[in-house]
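Undergrad: Taken in sequence, the protein lines are chains A and B. For the first sequence, the working numbering gives the first residue as 1, with consecutive numbering after it. For the second sequence, the working numbering gives the first residue as 354, with consecutive numbering after it.
It cannot be assumed that every hint is accurate.
Reference excerpt, derived from the structure (chain B facing chain A, CB under 10 Å, subset only) [what the hints assert, rightly or not]: (1) Leu-430; (2) Arg-478; (3) Val-489; (4) Trp-503; (5) Val-631; (6) Thr-664; (7) Ala-679.
No wet-lab data here; the hints were simulated from the structure. All C-beta atoms in this analysis are idealised placements derived from N, C-alpha and C, irrespective of residue type, glycine included.
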Amino acid sequence: MALFEPHNISRIDRSPGWIERIPGPYWALAILLLIMPSLASDFVLFQIFGWSFILGMIALSLMFLAGYGGMVSVAQMSVAGIAGYMVAIFGESAIDQISMGWPWFVAIPLGILIAAILATCVGWLAVRTEGIYTIMITLAIAAAFFYFCRQNYTVFNGFSGFNGVLPPELFGVDWRTAVPFYYLCLFWAALYFLVVLYVSRSPFGLALQGVRDNPRRMAALGYNVTAHRVAAYTAASIPAATGGILLTWQSAQISPGTISIGPAIDILVVAIVGGLRHPIGPFIGAFVYVLLKTFAVDFLTSLGLSGERFQLIIGLGFLVIVFWSPDGVLGLWEKFRNWQKRDPLRGQEGGIE
Amino acid sequence: MRRFASRHPWWSAIIVVVAFILLWMMFAVWPEWLSDLIGSKKLFLNALFNGITLGGLYFLVASGFTLIFGLMRNVNLAHGSLYLLGGYVGYFVASWTGYWLLAFPAAFIVMALLGLLFQYFVFRRMEGEDLRQTLVTIGISIVVADLMLWSFGGDFYNINPPEWLSGPMDTFFITAVKSSGDYVFLRYPMVRVVIFAASVVIGLAMWIALNRTRIGMLIRAGVDDRDMLSATGVRIQLVFLGVFAFGAGLAGAAGVVGGTFQSLAPGEDTRFLLASLVVVIVGGMGSIPGTAIGALLVGVAEQFGSVYFPTYAVVLTFLIMVAVLAFRPQGIMGRS
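Take these sequences, add in the hints, and give me the full structure.
TA: Spelled out as structure tokens, the structure:
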């Protein structure tokens, strides 16, 4: 025992503290995001950053499934929508005859719980298939859920959905004003970002990545492949559900339009454009998407085209990115880094030694 | 079929019983209690025939999809866009020339050419990369959908069938008996019957071509082992181009059918893409008979749903899909 102790101590001494281990740019980004309310206008805080964080969270759940589990699920927007709907149904909204008006500390956990249960059911169905079939099945499930919500008037209030769904006034703060809402979204986005980073290195996350790379070998090692995959769907539903509730609060309403096939595909676009390799990807993708969606109209009108064509711009942008860089913006960044590292004379990586 | 019966006696018995009940319901004069229970026979027959003919349309769209997927493992999620664009092409050709029949070859050829471009410029570059193909084709469908909205607007387009096809035709199905003792026969739109017959012919022709001709042999060999086939000297890329063009052209021709049956509008592309996805998932990827069964099931379910439980008609189709997935993940006729 005594022989080993000095060795251990010296190793602990050499390893840097957790503050030093996080690279500088991350600190800069964190501080920038924290002081953002003093720099940006209310519109930018609420519409652009708030929306980016929300979309980022929903896309993060897709990134978790696709990046670590190898399962591309288009139904994540539906999971988010269920949570939003449940909060509108159990909590308060302008539709008195349906909304039950329960307090927020019941409605919100219940919403997330129901979303998690349904996501598990979706996962249980979807994991019976692989690869491309998963996309098709989750797309069909998302479409079924959309049509169901649009047709059902007794619970989901059909075509018009619910409006007047507002966040609770906790600690005397109106959480729908720009600055509190910004911090609310930032808090949850950052939390889930860190949780996903942590889970990706936890035994569960590592096993999930093993299942993605070689399910047969993992099964031979004694891991329950199906259970890991279904559990990934359950885990991924939590950030999606939170994002869905925040999205409902942001626009103060939820309707079938929020969860139709278009938005479901948009989440896929966001996650892919950002990149599926790292949890930061979905947030980058969401930021790019929101910027495009907000300013494409101005950009198009300045070009002399009508503002309705923004879908075209988004589609073309998406096409260009998936055609040339399957790993999204993160992939482009990596390519750029490799190109920079390259020795211009020898054309090899690593430079002159 | 005999092998199926000996292997799954219970399933065959259930299928036979259901078929007998359906036939009896189609041909018999309904007793009072049945009409009281589920509505008039006319309603039932109309729903059934609408479902079957809609199934014919779904078959036309989905068979192109399943052919492309089955042979080349190419996932073409822009298939719905090919359908809608083909419908628009057919509409303009039909209204310019005045010949409805001319719309079919025009839509077929234009979409087949577009399909060639897809295969040559897009899919050939990402062979075997499922996810990338999916994403690229989703991107293409977003772009094409917006371009179509731009050029054709959000209006509904209807392709009018020619004189000799419009109007109802008499069938030999008795819907009711008058108090005088005369039979009332069902009258059914002629154009739907003709188009359904055409889709049956196309389906049979495809099945024969796949199973009895040299080209079909090449295609089936390509499905089983692509590398080995190209090693024997077959120019597999040419076969691929041909199949892709045929599948895309079929989608275009189906667009003309859809424009005659129903109408063409933005959003129909996603609807038919989803319908073909469900049909192909239910029937089994890459199988023509499976696609036919799936298309019939989905079409009939949709129409019966819209007659008997109108609010959840669309959901019913997805329930079928969920049931199939739960018990037979590879689809009814799919190979595991």
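Undergrad: For every hint, state whether the structure bears it out.
TA: For each hint, the structure was consulted:
| no. | hint | verdict |
| --- | --- | --- |
| 1 | Leu-430 | holds (8 Å) |
| 2 | Arg-478 | holds (9 Å) |
| 3 | Val-489 | holds (5 Å) |
| 4 | Trp-503 | holds (7 Å) |
| 5 | Val-631 | holds (6 Å) |
| 6 | Thr-664 | holds (5 Å) |
| 7 | Ala-679 | holds (7 Å) |
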